[in-house]
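Participant: For reference, the chains in residue letters:
There are 2 protein chains.
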Amino acid sequence: MSLDSTIHAKAIELIKLNYEMTSAAGSGHPTSGASLGHLVTALMYAHMRYEPSNPSHPGSDRLVLSEGHAVPIVYAACADKGVMIGKDKESWRAMTRADALTLRQLDSVVDGHPNPVEGFPFFDAATGSLGQGLSVAAGLAIAARADQLDKRIFVLIGDGESREGQIWEAVDFLKDHDLKAVCPIFNCNVYAQSDKVSPQQGWETTEKKLAAVGYEVLVIDGHDPKQIMDALNRHAEVQASGVGEPVAIVAKTVKGWGAESQQGNGHHGSAVKAGEALEAVLAEYDEKGKALGAYALGGLRVPDMSPRKSVKRETGDSVGFDKALEQFGMGDVIEKGQIATRKAYGVAVKALGHVNTEVFSLDCDVQGSTFASMFAKDESINSRFVECRIAEQNMMSVAAGLSAGGKIPFASTFAKFAARGYDQIEMAVNSGANLKVVGSHAGITLGADGPSQMGMSDVGWFRTFTTMKRPNGEPGFYVLTPSDGYQCYSLVREMAKYDGPCYLRTLRSDTEFLYSDDDEFKLGGHEVLCKGKDLLICASGHMVHVASAALEQLYDEGVDVTLVDMYSLPFDGDAILDLANECEGRILTLEDNYGGGMGSAVADVIAADGGGFEVNQMYVKKCPKSALSGEETLRACGLGIEDVVREAKEMLGIS
Amino acid sequence: MSLDSTIHAKAIELIKLNYEMTSAAGSGHPTSGASLGHLVTALMYAHMRYEPSNPSHPGSDRLVLSEGHAVPIVYAACADKGVMIGKDKESWRAMTRADALTLRQLDSVVDGHPNPVEGFPFFDAATGSLGQGLSVAAGLAIAARADQLDKRIFVLIGDGESREGQIWEAVDFLKDHDLKAVCPIFNCNVYAQSDKVSPQQGWETTEKKLAAVGYEVLVIDGHDPKQIMDALNRHAEVQASGVGEPVAIVAKTVKGWGAESQQGNGHHGSAVKAGEALEAVLAEYDEKGKALGAYALGGLRVPDMSPRKSVKRETGDSVGFDKALEQFGMGDVIEKGQIATRKAYGVAVKALGHVNTEVFSLDCDVQGSTFASMFAKDESINSRFVECRIAEQNMMSVAAGLSAGGKIPFASTFAKFAARGYDQIEMAVNSGANLKVVGSHAGITLGADGPSQMGMSDVGWFRTFTTMKRPNGEPGFYVLTPSDGYQCYSLVREMAKYDGPCYLRTLRSDTEFLYSDDDEFKLGGHEVLCKGKDLLICASGHMVHVASAALEQLYDEGVDVTLVDMYSLPFDGDAILDLANECEGRILTLEDNYGGGMGSAVADVIAADGGGFEVNQMYVKKCPKSALSGEETLRACGLGIEDVVREAKEMLGIS
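Protein chains in written order, with this note's numbering: chain L, 1 to 655; chain C, 1 to 655.
It is possible that some hints are incorrect.
With a Cα cut of at most 27 Å, we get these calculated DSS-like pairs of lysine-lysine [claimed, not checked]: (1) C:Lys273 / C:Lys196; (2) C:Lys87 / L:Lys622; (3) C:Lys469 / C:Lys522; (4) C:Lys522 / L:Lys622; (5) L:Lys621 / C:Lys290; (6) C:Lys208 / L:Lys621; (7) L:Lys196 / C:Lys87; (8) L:Lys522 / C:Lys622; (9) C:Lys621 / L:Lys497; (10) L:Lys621 / L:Lys323; (11) L:Lys469 / L:Lys89; (12) C:Lys288 / C:Lys196; (13) C:Lys273 / L:Lys336; (14) C:Lys622 / L:Lys89; (15) C:Lys175 / L:Lys175; (16) C:Lys649 / L:Lys469; (17) C:Lys497 / C:Lys312; (18) C:Lys621 / L:Lys87; (19) C:Lys208 / C:Lys196; (20) L:Lys621 / L:Lys649; (21) L:Lys87 / C:Lys469; (22) C:Lys621 / C:Lys649; (23) C:Lys208 / L:Lys208.
What the hints contain is simulated information worked out from the structure, not anything from laboratory work.
Predicted model only: the values in this text are computed from it and were never measured.
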């Protein structure tokens, strides 16, 4: 059969290059690549609708290599087909075999694992940390559906990798949202790093698991071209008709396929030594080709791409907070004079949803707590609400996929539970995603529920990304902790305008208004609430209000304080230095999470300056517990109003 | 039937108290508790082998409430049975109904979610962040097996909660390790916070999923006493005989069972208002009891506990590094003069395994990279090696369970992938666990594999826990980044001796020896490598070697440097201040991860002092990419030897 022999021949050609590349680099996973040789060939030469000359074409089918370590086999195909590479569209050029052989070099776009930001637009997301690709694909599929593109997204998943629970979160998610455009392909090549995979990840159990959750499962020989093509065509058929259960493919493959010397245990992630050893392996493949009667007939062709429909996009800015509250029948809030920032977030994301068709809201079954419910319950926009159920890892990667599909995803859950998706968030940053993470119930003022629900270490983690820059010079993350509703609302608008990762921390309890629609807030900003000459207090979130109350007492004692609302990390360090300078270099920082956060960022600035200023950091210095009110918890953790007053007085030597 | 009516009566009594408690607290999840009323009654009054007078008895059956928000129903049972409460065994007293009514109060041991460290020894682990209980139970079961205790561990899992992928990682894990002592009970009460659970989490699909992965699944009416008892007895039978597939129970329950006013959507997590509303609900339950003919016959009794067998324990200290290397046939390393710290970790954990029967090694299918393989491949100790496959979340919670079972778990994976388990690690800290996390391939010197495999934000996150104290005054975490093999080996020994959470960061590449077996290292320590008077360089891990090389060049230029190996966070800040003072207050910090880490911890100390010292932090300020060597990556990120020399000279005003 000509298709058979042609695919065999091409697969062998790609597998050989995959060995050559890893030998040249001195590291990599060529045997994993070999197990994918036929699947990648069938996809990229005979099934996927895409244009090598425009790999980021929004209408093209996509390939997500969830088992990112196998990437050389995809690079080999891209080199052969001349897929465009380069950081900017202006500098794109067709990839060559020579490019492939620069694998893992410092100045190469051919990174060790899929890495779009280094100049490989064929990929939508950085992968390599396992178990995330199927979720990314789900996000791409939701974006495609919104844009009325009938593209399909193929995901190659390792069998060992499928132990990651996130894969099964994604499998459920695809069913919930009827995302038949996604084609999960489990590459069951039996061997993992240490040994054979567990029987729980064998093809038989994988088939049963997928059938149990409601998939039509096609078990195929992943080195049989016809079986592969039939399975892909069946997936296409179901996707096109919408009839039947979604299709998943379980491919039985051989790690190190084609070269017996590379098979069995102990061949994970080791490159063959260049020279004789490599030549011997390549010769094995030539023999294998002959034995299979593999010859390149040509005639493989990529199908035509579906034309892109034009979907009307609106990306306007939303109205002010007062107006939004009134529009949503919440005008009483203005008179009440207070609102929880989590609620202000709900108002803000809903208002944005009305004017910006690219804004999506995602949530993990806590919409009533995060107030994503305001978006979810608004029928005029909730086709763009994505209920992710209790599965934070999947949500973060779905959001990354939505971003890769051109959308602006706001992914909300408790600040505490966002930690479940930190690795996914880091991979999204590495992918250049436009991700907005929203963590509610930040800090200890949550009170009653106790430490299992409190975001305590979130600032420390996200702050690391405020210390590094993305390729465009912007910080890896903006971390935003608004203190009142107007500020929160305004910052959500700024988040939507900005193309890059942001983390918004919202509070459970109501806080009094400090601002109005006339105040402007920006990413990287801070707000001076009052100016004094004795002490600079830098506070964030709820602690701005504690500071504010302490201020009055301090004023009565003759202490004149500058109070700054530090709502953003990073911030303008020079401006803070100037303010400190006006207060004789005495700085007190207040935050209601563990250390390593905002106060430490202030200490970084002060210590770098070396001007002899003093930073006294108040934060939570022990594990909190439940209490009936946030105020009690604050006092129990030494962050009550009296504690602040006492600390301030001590700094000034007032007894 | 007397058992039926007695269990109904007791369940109703407990459910009523569960409503009263949450009404008194003004928050909580009484309807979730109601759905568990019969299951908890059957377990705690008629099935579990435990002593209320000694809830932490090592031989007793355990209850892990994975859906922690339902905890009032368990508190109600504990109050009724007089289970002992209190922080220290010396101060234990029997819980009363009055205690139950202090739910969520600041000075109450009855926390908002299960929280053993606040004085509730009946629980082994803090829960409330969902999806973790089954993994904790798996760890408890492994510990019990090692101690030859035939106890069983019951886990109550919510249906909405079972969307968490970690549950399915745990389900596979239990099969892999044949842990039939664990009894997973899925509480399918249909409603989650926002709405009904997804059909993917309905009882039918849950049954199919469990059957697919190889469980005997018992679907029961979770409010039918006989069905519950039969199912629990079937689990006991299979556990005792070891014959057959493991048993899992899928219980169909009603959220708000017994009170129609509390059922259906919209009743998640809201307490009934105390007073009339509460009285009306309690009256509904009285009516329900009458309708069921529920009456307390007595006669419920907890079975006898199995006597605890005595297992021989050894907890000695291991030999020195040189001796261990020789014993393990690796004496050539000493002559070679270098070893990767990840390999030194492998030697250390294996040597510990030989002398300490409580040390366990866990790994996520990267044992060949972390060198946990040295433990795994040693047949004299590898009954205590736990292969967790590629599922980091599960591993961290299994480790927490092992700790609760009295073991010392060392859980290793790449530093990058440890982030998959951060929330699990935080819950372990909250639980008071003795957890040792080992992250290999830390920082950018990994080089070739690229950013998807590099631990970049780990220091920032773990550092937050070095800023807070556990109840015993020890830090929440020690973060250890050894620079050479001797130091690494020594610190692993210290980790084993210390009862508390530690995080060890190891490097992929070999580093030259700086120390010997004569050097002593301690948690919280630092090492002064040389003393000068112009500049204090604080470096960690690989950067100690970069600094060392830079030192020579600087010496040639007349710059006299103090070099400190900052291998621990936290550290003795006063000592660092003194050293800085001897160097005219000039400090340069070097680390090869993102900021917010060690350098920032130094800045905290300096800024708190306010003495005018200057801290210049060098760290990774952009997302790294692949390069063929670690040195290339360091230079590309501005952390090469020349970069350090240049920066040092600039600080001293030398051009």
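Participant: Looking back at the numbered hints, which does the structure fail to meet, lowest number first?
Facilitator: 5, 6, 7, 10, 21
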